[in-house]
Amino acid sequence: MTALAQARPAGPARSGGLRRRLLRATPYLLLLPGLLWLLVFFVWPSIQMFLVSVSAGSLEDGFRLTFTTKSYATALSRFPHQFGNSLLYSGLATVATFLIGFPVAYTVAFRGGRYKNLLLFLVIAPFFTSFLIRTISWKVLLGDEGPLLAFLKHVLHILPEGFSILGTPVAVVAGITYNFLPFMILPLYVALEKIDPRLIEAAKDLYASHWEAFRRVTFPLALPGVFAGSLLTFIPAMGDYVNATLLGTPQTQMIGNVIQNRFLITNDYPVAAALSFILMAGIFIAVSVYARVLGTEDLTG
Amino acid sequence: MTAIAATTARPAGAPIARRLTRLLERFALPVFTTLAVSYLLIPIAIMLVFSFNEPAGKYNFIWNQPSTYGWLHPLQWPGLPDAIGTTLVVAAASTLVATTLGTLMALSLTRYRFRGRGVLNGLIFLPMATPEIVMGASLLTLFVSSALPPLAGVVPQGIFFPLGLPTILIAHIMFNISYVVVTVKARVAGFDRHLEEAAQDLGANEWATFWRVTFPLIFPGILAAGLLAFSLSIDDFVITSFVSGTTNTFPIWTWSIIKNALPVQINVVGSIVFLSAVGFVVVSTFLQRRGR
Numbered sequence: 009m010t011a012l013a014q015a016r017p018a019g020p021a022r023s024g025g026l027r028r029r030l031l032r033a034t035p036y037l038l039l040l041p042g043l044l045w046l047l048v049f050f051v052w053p054s055i056q057m058f059l060v061s062v063s064a065g066s067l068e069d070g071f072r073l074t075f076t077t078k079s080y081a082t083a084l085s086r087f088p089h090q091f092g093n094s095l096l097y098s099g100l101a102t103v104a105t106f107l108i109g110f111p112v113a114y115t116v117a118f119r120g121g122r123y124k125n126l127l128l129f130l131v132i133a134p135f136f137t138s139f140l141i142r143t144i145s146w147k148v149l150l151g152d153e154g155p156l157l158a159f160l161k162h163v164l165h166i167l168p169e170g171f172s173i174l175g176t177p178v179a180v181v182a183g184i185t186y187n188f189l190p191f192m193i194l195p196l197y198v199a200l201e202k203i204d205p206r207l208i209e210a211a212k213d214l215y216a217s218h219w220e221a222f223r224r225v226t227f228p229l230a231l232p233g234v235f236a237g238s239l240l241t242f243i244p245a246m247g248d249y250v251n252a253t254l255l256g257t258p259q260t261q262m263i264g265n266v267i268q269n270r271f272l273i274t275n276d277y278p279v280a281a282a283l284s285f286i287l288m289a290g291i292f293i294a295v296s297v298y299a300r301v302l303g304t305e306d307l308t309g
Numbered sequence: 133m134t135a136i137a138a139t140t141a142r143p144a145g146a147p148i149a150r151r152l153t154r155l156l157e158r159f160a161l162p163v164f165t166t167l168a169v170s171y172l173l174i175p176i177a178i179m180l181v182f183s184f185n186e187p188a189g190k191y192n193f194i195w196n197q198p199s200t201y202g203w204l205h206p207l208q209w210p211g212l213p214d215a216i217g218t219t220l221v222v223a224a225a226s227t228l229v230a231t232t233l234g235t236l237m238a239l240s241l242t243r244y245r246f247r248g249r250g251v252l253n254g255l256i257f258l259p260m261a262t263p264e265i266v267m268g269a270s271l272l273t274l275f276v277s278s279a280l281p282p283l284a285g286v287v288p289q290g291i292f293f294p295l296g297l298p299t300i301l302i303a304h305i306m307f308n309i310s311y312v313v314v315t316v317k318a319r320v321a322g323f324d325r326h327l328e329e330a331a332q333d334l335g336a337n338e339w340a341t342f343w344r345v346t347f348p349l350i351f352p353g354i355l356a357a358g359l360l361a362f363s364l365s366i367d368d369f370v371i372t373s374f375v376s377g378t379t380n381t382f383p384i385w386t387w388s389i390i391k392n393a394l395p396v397q398i399n400v401v402g403s404i405v406f407l408s409a410v411g412f413v414v415v416s417t418f419l420q421r422r423g424r
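From first to last, the protein sequence lines are chains A and B. With my numbering, the residue at position 140 of the first sequence is 148, and numbering never jumps. With my numbering, the residue at position 269 of the second sequence is 401, and numbering never jumps.
Source of the hints: derived by calculation from the structure; they are not laboratory data. All figures in this text were calculated on a predicted structure; none of them were measured in a lab. Hints should not be assumed to be uniformly reliable.
Said to hold, decoys possible - Which bits of chain A does chain B cover? Going by a derived footprint, with three or more residues having C-beta under 8 Å, they are:
#1 93-107
#2 170-179
#3 184-192
#4 225-239
#5 243-254
Unchecked claim - Chain B is faced by these chain A residues, among others (derived, beta-carbon under 7 Å):
#6 Thr115
#7 Tyr123
#8 Thr137
#9 Leu140
#10 Gly264
Glycine is no exception: its CB is placed at the ideal position from the N, C-alpha and C atoms.
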């Protein structure tokens, strides 16, 4: 619009300097309310949380900014098990969503035909129900006497009476995998869909086998989708505590459980804030390593 | 070309491999996809089926006998009607505010070149890349700190502290803005600027051009953004759990009740939300088809 305003001759009505100044300020005026909201309720809270993480004191007496690193030391030394669980479960779930999601995205993109839209709709259908209810459904499904295990135990008799899945890491990883699978499928689909089929044909014309064409053409071109899908799965999974709470036991707690517990139940703000920052740092490091391994820095572009 | 290559120049031995790959493509992939999609749909089926259960105890975990009790009394549980009311109010208000603020930002970011655009795009991307628990925790820290020295008194009481409806709204608007900006930006980016120039050549001023040309053209994007914001808001649990205080939204209420019971009404409300969303998609697809 600025370009337009400049291109048009200044008619009699638009001679005012105020009007021109207003026009020049338009981009900033449009941005201002939303930007303020993000600054006050996203940036400021982050700063505040950092300040609390290096403060001493408690909720009752208020926090004194002492720039102590005690909370970080406590956070790192007391919860290695939960950090380990988070990394392990999120990593496994990300790999599992990829292994399940890639063939699905591939099929929808290249073989979908007239069912393409229906399939995409079914992939996002879980989003139409609440995240909590879906996870509760898993609890129902995987319960010791739930539809799945009751069938395997009492009808097929292939599992012993005492067998259970709930409360094991398997249940937690399955829940996370389930909850984030659409986030993996959709970016993969978008990346695969964009591939020009002529490139694959060209590879075959150049005597690439089906498999080679996939490995050397299709897959590399889908890498941005792999990258985006992994991040969309891994990052929220790292902070998740709903699956671990509903489908796991205290032994399968993730770092999200600790953060939630410290903030909402024991009110130990400094350590909880430190844990949150360590979590963010961990995610940042994992993502950078991953981007390096995948080999393309411009994937995010 | 492919046909020629396939018939003449393929090395021997390839046919078996090729037949295997074809078998894989023809059968394995569709079967696998069907299984994966079923995996995605099973919990939804469980939710729907168990909404017709009459649980033996307080927990609706094990199938007992069919009943329509839940559907006939969908709100019959203390606290549930309030929680649903709050959820709808928060979703409507946060959608309205976030969609307005986000649309303005998207317009500014796509149509003007100015310094700091890169930083701004980064700032808008960050909330989507931050785990919810960290956003919820940092908002809680801010809200609580505002009641403690040295911040006490800077922010008037009742907005940040005590926690409740206002803080839930603040949080929902915050996490929704980014999604709105991204969605609307996608629409504005594919927009033919000549249409606006034409309107202005025909004598429309900026204001008239915006409302008569620009807005109707980007409206589908705004609508999509609004729907996304609404659905993110009614489903949000993690961030809300940090900033809700004693106020209940439906997810928060669900979380607190499942420690003592799993009422069938949870399945019923979930099913109603699911079926309305599906109905909405089906109807709008149908209307779109007819409009074409």
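Here's how the hints hold up against the structure:
no., hint, in the structure
1, 93-107, "violated (count 0)"
2, 170-179, "violated (count 0)"
3, 184-192, "holds (count 3)"
4, 225-239, "violated (count 1)"
5, 243-254, "holds (count 8)"
6, Thr115, "holds (4 Å)"
7, Tyr123, "violated (10 Å)"
8, Thr137, "holds (5 Å)"
9, Leu140, "holds (5 Å)"
10, Gly264, "holds (5 Å)"
The structure fails to meet hints 1, 2, 4 and 7 from the earlier list, while all remaining hints are met.
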